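Protein chains in written order, with the numbering used here: chain U, 707 to 914; chain A, 3 to 190; chain L, 852 to 1001.
Hints are computed from structural coordinates only; laboratory data are not their basis. Note that the structure is predicted; figures quoted are calculated from it, not measured. Each residue gets a CB set at the ideal place from its N, CA and C atoms; glycine is no exception. One thing to keep in mind: the hints can contain errors.
Among chain L residues calculated to face chain U with C-beta under 10 Å, some are [as the list claims (entries may be wrong)]:
id : residue
1  : I875
2  : K877
3  : A879
4  : H881
5  : S896
6  : L901
7  : A902
8  : R908
9  : E939
10 : D945
11 : V946
12 : L948
13 : N949
14 : K951
15 : M952
16 : L967
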Amino acid sequence: MAFLGQTMRHLCRQVQVSQRPLYLAGAMRSLSLTPACAQQQNKPKPIVSSTTSALDVAKNEQKECQSICERINQQVAQSEQGRLFAVVHLCGKQFKITPGDIILVEGYWPPTIGDEIRLDKVLLAGARDFTLIGRPILEAGLVTVKATVIEKTLTHTKTHFKKKRRKQYMRINFQRSPNTMIRINSIELAQPVVDDGTEQEESSKRLF
Amino acid sequence: MSNSHLFLKSGFPRAPLQNGLGRYVCQLQRITLKFCKNNGSSRGMRDFIENHLVDFAKENPGIVVYVKPRRHRTPVLVGEYLNGEREWLSCRNSTQDEISKWIDLLKTQNGSSSSLRLRKMWHTDVPSIQGPWTPFMLRSPDALSQKYPSSEASKPLDAPTTATEKLIELFKQQKLEDEADISKKHAK
Amino acid sequence: MVFLNIPLLVRARGPDEFWRKRRIFKLAAHYRSRTRNVYSFAIRSVHRALAYATKGRKLKKLDMTELWTTRVEAGCQQYGLPLEAFKEGLARTDVLLNKKMLADLAIWEPRSFEALVRISRERAAVEGFPDIKQRSAFNQVYGLSNLKLD
């Protein structure tokens, strides 16, 4: 039986792998298919060789950038983007979260149970097909992450024990630090992703 | 045989009954205050009951408060939770403020927390949205159609060039340069 | 206890012997052989265990950082980018994700990680890092006007 299971698994894997090129070609990723060593060998010459072409390249990229933004917005408008995830900065730590998650904040933190909070420092937001990367955080209001505080408690008792041999030195302390449990309720793309071309408003970089 | 898990259980962060997904439900259901009416060790507890207990009960209508005088016993706080757990705290010789802090702790937690060591500080049901990394993610699909044993696939990826090969390359380069020089001279 | 003179007070060692020993034996209950049953052995091993536990809490954090570094390094090496260049490129682009997040992304969200690698490589090429002179072959970073190419 075990042998049968193994062969089945092999078959499955083969099917998976054979489907991959189609999917990747569809996603314009055919170049990244070559293994890493091959990539290093056949690097083409720099795309930007002179100043005139650099301008053209920049224009082209502007266009492509806009088209990508449009595609993202379309996806969001038709709510086809699926589940979103985000990387948020909270109390000096970064967490990768998706709706329904539980995260714990260690140490003293004022919000109490039942509070509904909005996590504003979103460093990165992503979905199946796109990623928005903040520099260092996304614009305020672009992505709204809502969360509820569900528990405030203390950790288990940690014993802080130090001893030096033959020196009559021994210290023992007990500590319990506060912990706060947060439930992530929702992550939403609130505003459409805009690309104005101006550097000030373009605090995020769009990638496909 | 190791019994270390018997002393302090370890676990992962979980919230009972999907708490907080729709709305938040306070998990503390009942709180019992036991104290002695004339013993000095429950003086803080008596003060608390006189000054703050009614306010506490008014603020938290969802929590049932029992006050039980017990002759010549140390004061005790017991909280009972929605998930059936109960937490017992001795408040011997503690002041009014300390007791109100402990009661606050009992109110805000989901069960007895002192008995669980957390191994992770996060929990997720959906770890990956784009699909986790696999060894085949960046591999070329040529590997499927390759026939083994193949001489190409069995070479090491990072074989360094030998000194001989380097010399040969240098020699070839020199030859090319020489030829170029000669052709230039001819052109002149 | 009643202390009739000073030497007795100095010699008195806190709680009763039974309770003092029981505290130690409770912690040593899962040890093997005589460390479990003989007090002089038990207290030695309990003290050592507690000291290890105290140190271990710090070591765990260091271990985790090391693990994340390894993971991020492996993640960017598969795109042919050394770790140092990757980190430098991200820092210069103002992407302030930490090691833990990068490692997480490399494992669970590989496409986002790929995007980060591309950004970093782009920045490296623009700023002219010693290792990376050329822009990547598989270059699909959009929004390059942010990088001030020209």
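How the hints compare with the structure:
Among the interface hints, the one on I875(L) is violated; its C-beta lies about 12 Å from the nearest C-beta in chain U, farther than the 10 Å criterion. Hint on K877(L) is violated. Least Cβ distance to chain U is approximately 13 Å, over the 10 Å limit. The beta carbon of A879(L) is not positioned within 10 Å of any beta carbon in chain U (closest approach about 14 Å), and the interface hint is therefore violated. Proximity of H881(L) to chain U is violated relative to the hint, the smallest CB-CB distance being about 16 Å (cut-off 10 Å).
With its C-beta approaching chain U no nearer than about 12 Å, S896(L) sits outside the 10 Å limit, and its interface hint is violated. Interface restraint check for L901(L): the shortest CB-CB distance to chain U comes to about 4 Å, inside 10 Å, so the restraint holds. Hint status for A902(L) relative to chain U: holds, with the closest Cβ pair at about 5 Å, below 10 Å. Proximity of R908(L) to chain U holds as hinted, the smallest CB-CB distance being about 7 Å (cut-off 10 Å).
Interface restraint check: E939(L) against chain U, minimum CB-CB distance 15 Å, threshold 10 Å, status violated. At its closest, the beta carbon of D945(L) sits 4 Å from a beta carbon of chain U; the interface hint therefore holds under the 10 Å criterion. Taken as an interface hint, V946(L) checks out: its beta carbon lies about 6 Å from the nearest beta carbon of chain U, inside 10 Å. With a least beta-carbon distance of about 6 Å to chain U, the hint placing L948(L) at the interface is held under the 10 Å criterion.
Proximity of N949(L) to chain U holds as hinted, the smallest CB-CB distance being about 5 Å (cut-off 10 Å). A cut of 10 Å between beta carbons decides the hint on K951(L): the least distance to chain U is about 7 Å, and the hint holds. Because the smallest distance between the Cβ of M952(L) and any Cβ of chain U comes to about 5 Å, under 10 Å, the interface hint for this residue holds. This hint holds: L967(L) has a C-beta 7 Å from the nearest C-beta of chain U, less than the 10 Å allowed.
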